[in-house]
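Peer 1: If you want the building blocks of each chain, they are given just below.
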Amino acid sequence: MSRPTLGSWLRPRTGEAELAEIYGRIEARRDRVGRPRVVVVALALGLAVGLALVWGGRRPGETSLAAHDRVFAPPPDTVVPVLVALDDGSHLVVLPGARLELDGPDRVRLVRGRVAFAITHPRPTPFVVDAGATSVVVLGTRFAVERRVDDMVEVAVDEGRVQVLQDGAEVAQQTARQVRTWPPTAMWAGTSGGADDATSAETARREGSAGSDDPARVVDRGASRNAVAAARVDRAVVGGGRGASRRGPGSAGAPPDSARESSSEAPDDAGGSAVGEAAVPVGTSTDAVAVGFAAADLARQDGRPAEAARILQRLLVDYRADSRAGMVAFALARVRLESLQQPAEAAVALEDALRLGVPAALAESVRARLVEAYVAVGDTTRARDVARDYLKYHPRGRRVEEIRRWAR
Amino acid sequence: MRDQAEVMPLEGPGVRGTTPSDAELVYRARGGDRRAEALLYTRHAATLLGMAARLLGDEIEARDVVQDTFLIAFRRLDQLHEVAAVRGWLKSIAVSCVHRRFRRRRWVSWLGLGSDEVESGLSAMIAADAPAEVRAELVWVAPRLARMSPEQRLAWSLRHVEGDSLGEIAALMGCSLATAKRRIAAAERALAVELQGVVR
Numbered sequence: 001m002s003r004p005t006l007g008s009w010l011r012p013r014t015g016e017a018e019l020a021e022i023y024g025r026i027e028a029r030r031d032r033v034g035r036p037r038v039v040v041v042a043l044a045l046g047l048a049v050g051l052a053l054v055w056g057g058r059r060p061g062e063t064s065l066a067a068h069d070r071v072f073a074p075p076p077d078t079v080v081p082v083l084v085a086l087d088d089g090s091h092l093v094v095l096p097g098a099r100l101e102l103d104g105p106d107r108v109r110l111v112r113g114r115v116a117f118a119i120t121h122p123r124p125t126p127f128v129v130d131a132g133a134t135s136v137v138v139l140g141t142r143f144a145v146e147r148r149v150d151d152m153v154e155v156a157v158d159e160g161r162v163q164v165l166q167d168g169a170e171v172a173q174q175t176a177r178q179v180r181t182w183p184p185t186a187m188w189a190g191t192s193g194g195a196d197d198a199t200s201a202e203t204a205r206r207e208g209s210a211g212s213d214d215p216a217r218v219v220d221r222g223a224s225r226n227a228v229a230a231a232r233v234d235r236a237v238v239g240g241g242r243g244a245s246r247r248g249p250g251s252a253g254a255p256p257d258s259a260r261e262s263s264s265e266a267p268d269d270a271g272g273s274a275v276g277e278a279a280v281p282v283g284t285s286t287d288a289v290a291v292g293f294a295a296a297d298l299a300r301q302d303g304r305p306a307e308a309a310r311i312l313q314r315l316l317v318d319y320r321a322d323s324r325a326g327m328v329a330f331a332l333a334r335v336r337l338e339s340l341q342q343p344a345e346a347a348v349a350l351e352d353a354l355r356l357g358v359p360a361a362l363a364e365s366v367r368a369r370l371v372e373a374y375v376a377v378g379d380t381t382r383a384r385d386v387a388r389d390y391l392k393y394h395p396r397g398r399r400v401e402e403i404r405r406w407a408r
Numbered sequence: 001m002r003d004q005a006e007v008m009p010l011e012g013p014g015v016r017g018t019t020p021s022d023a024e025l026v027y028r029a030r031g032g033d034r035r036a037e038a039l040l041y042t043r044h045a046a047t048l049l050g051m052a053a054r055l056l057g058d059e060i061e062a063r064d065v066v067q068d069t070f071l072i073a074f075r076r077l078d079q080l081h082e083v084a085a086v087r088g089w090l091k092s093i094a095v096s097c098v099h100r101r102f103r104r105r106r107w108v109s110w111l112g113l114g115s116d117e118v119e120s121g122l123s124a125m126i127a128a129d130a131p132a133e134v135r136a137e138l139v140w141v142a143p144r145l146a147r148m149s150p151e152q153r154l155a156w157s158l159r160h161v162e163g164d165s166l167g168e169i170a171a172l173m174g175c176s177l178a179t180a181k182r183r184i185a186a187a188e189r190a191l192a193v194e195l196q197g198v199v200r
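Chains as they are written, first to last, in the working numbering: chain A, 1 to 408; chain B, 1 to 200.
None of these hints come from the bench; they were simulated from the model.
Please note that a few of the clues may not be correct.
[As the list claims (entries may be wrong)] Listed next, the stretches of chain B that the computed footprint assigns to chain A, with coverage defined by at least 3 CB atoms under 8 Å from CB atoms of chain A:
| hint | stretch |
| --- | --- |
| 1 | 35 to 45 |
| 2 | 80 to 94 |
| 3 | 134 to 144 |
| 4 | 153 to 166 |
C-beta atoms are modelled at their ideal positions from N, C-alpha and C, and glycine is treated no differently.
Could you build all of it, start to finish, from the sequences and the hints given here?
Peer 2: Encoded structure:
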């Protein structure tokens, strides 16, 4: 007799209630599929604006940052990235100051700034990123491309392999954990112009005394679960612990002398003309909290509140010292309270938000929801205390009448 | 807006005897009959939910997969060639959604936001009457599956958890039979290596 499958001993809950709830969600989403989804998460432009963006019920195509879902350009004076989810499951993170235009389902044009790509595979046709004379062709991998004001293009590959073209001709195959900076055209190779614009990644290469074949340059961060922490460690390794770091998006300051002197020495094992190269992780210029917020909001809007909660919970643990931690806690509380119907957990998150600190404009909303949460779990004593706090701190609050009931 | 009023009832006192077949439901759903869609859902959702939960190791996420599966299916009903094979078609969409979830986890993990909690979910689903050795095997294998590539994990799970044949796995994953075999073999090798480490 054959052995039963392992699955026969796994019994997930598949009750009528769960199935009915799922069907309700399907019905609700029937008319909301088929376009690239844009999620704009606001964090630093002002918390009131931030909340409106994150929780104000924005839907794809309605954002002022995008025109017809084809142009993505978060303003440079914010830390807010735009997360673009394509229908094929690929994700693009357009960082502040960048402008990205969709030229088709498999082609984008990077006008300026930095964009991180996670392109799904297998795919029938390659995905192409055009950045001036430089194009990056991929079949499915994770990488980032940054086009600077001087048209220098940095390509950072996190996983897999990409093909780099300049003026339409292949100049290199870049592999995982390689960061290279490409001049505006292939003609620039080794010129002083290229040298002047060599990246600090190039500095890192110099200071680390590591050539392109030097295995010491390749930093394995596969085991790390925290991209930002790993990035810090990697930069220290690459830069010999002397403060070498990459510039953020759009920053085009003059590099140190050492970089200027050495840019033409940058090796290129595929015959290309990169002027800078180093093993620097892709995610270093990505604001993890902002991207996490975007990912959570995408999940929430897509009807996956549990995933949204998981991401926010993780953010809260990993970035508790961040000035936006209170916002994260509040966002988590809203998901728990409104989407997951978990008032007890929501109350914990709301208390956390107050502890971590939220702006005055938000504090009113936090306290009001905290009252709601305690009422929902039946803790009338605590609900009364918080309601009294609400009336004390927000005597002219929008929900005074409603809250007053619970303060008695 | 679809006109529901003109659609004949599928079940109930006014309907002649037999339960409609999947093919009939598909034809009706293609014609805009939402009750036919609902019946297709009722008929297949529980199976898909169970499969997705076992593959993902997460019951909550499995609900999202079922939701995505039917959203895709209802949108693409016109593309279903063998209308009688709707069950397998739905299953292949669900597997594709699960695959996407695995990739999403890697993406989230890449951002440093991953969570280990999810991977403990498989252990939580073990039936109370499961033999001790099965229980031990599932507890041991769950975290190791989480470290595999999405393709290997899916192929292995379809084979050993769901009990699908190699041909079914190839069809569900949209790959060749050889690729399916290779993925399962790679997953088995990875588990064997880990097991050797334990035995030593």
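Peer 1: Each hint should be assessed against the structure and marked as holding or not.
Peer 2: Hint check:
no., hint, in the structure
1, 35 to 45, "holds (count 4)"
2, 80 to 94, "violated (count 0)"
3, 134 to 144, "holds (count 5)"
4, 153 to 166, "holds (count 4)"
Against the hints set out earlier in the document, a violation occurs for number 2 only.
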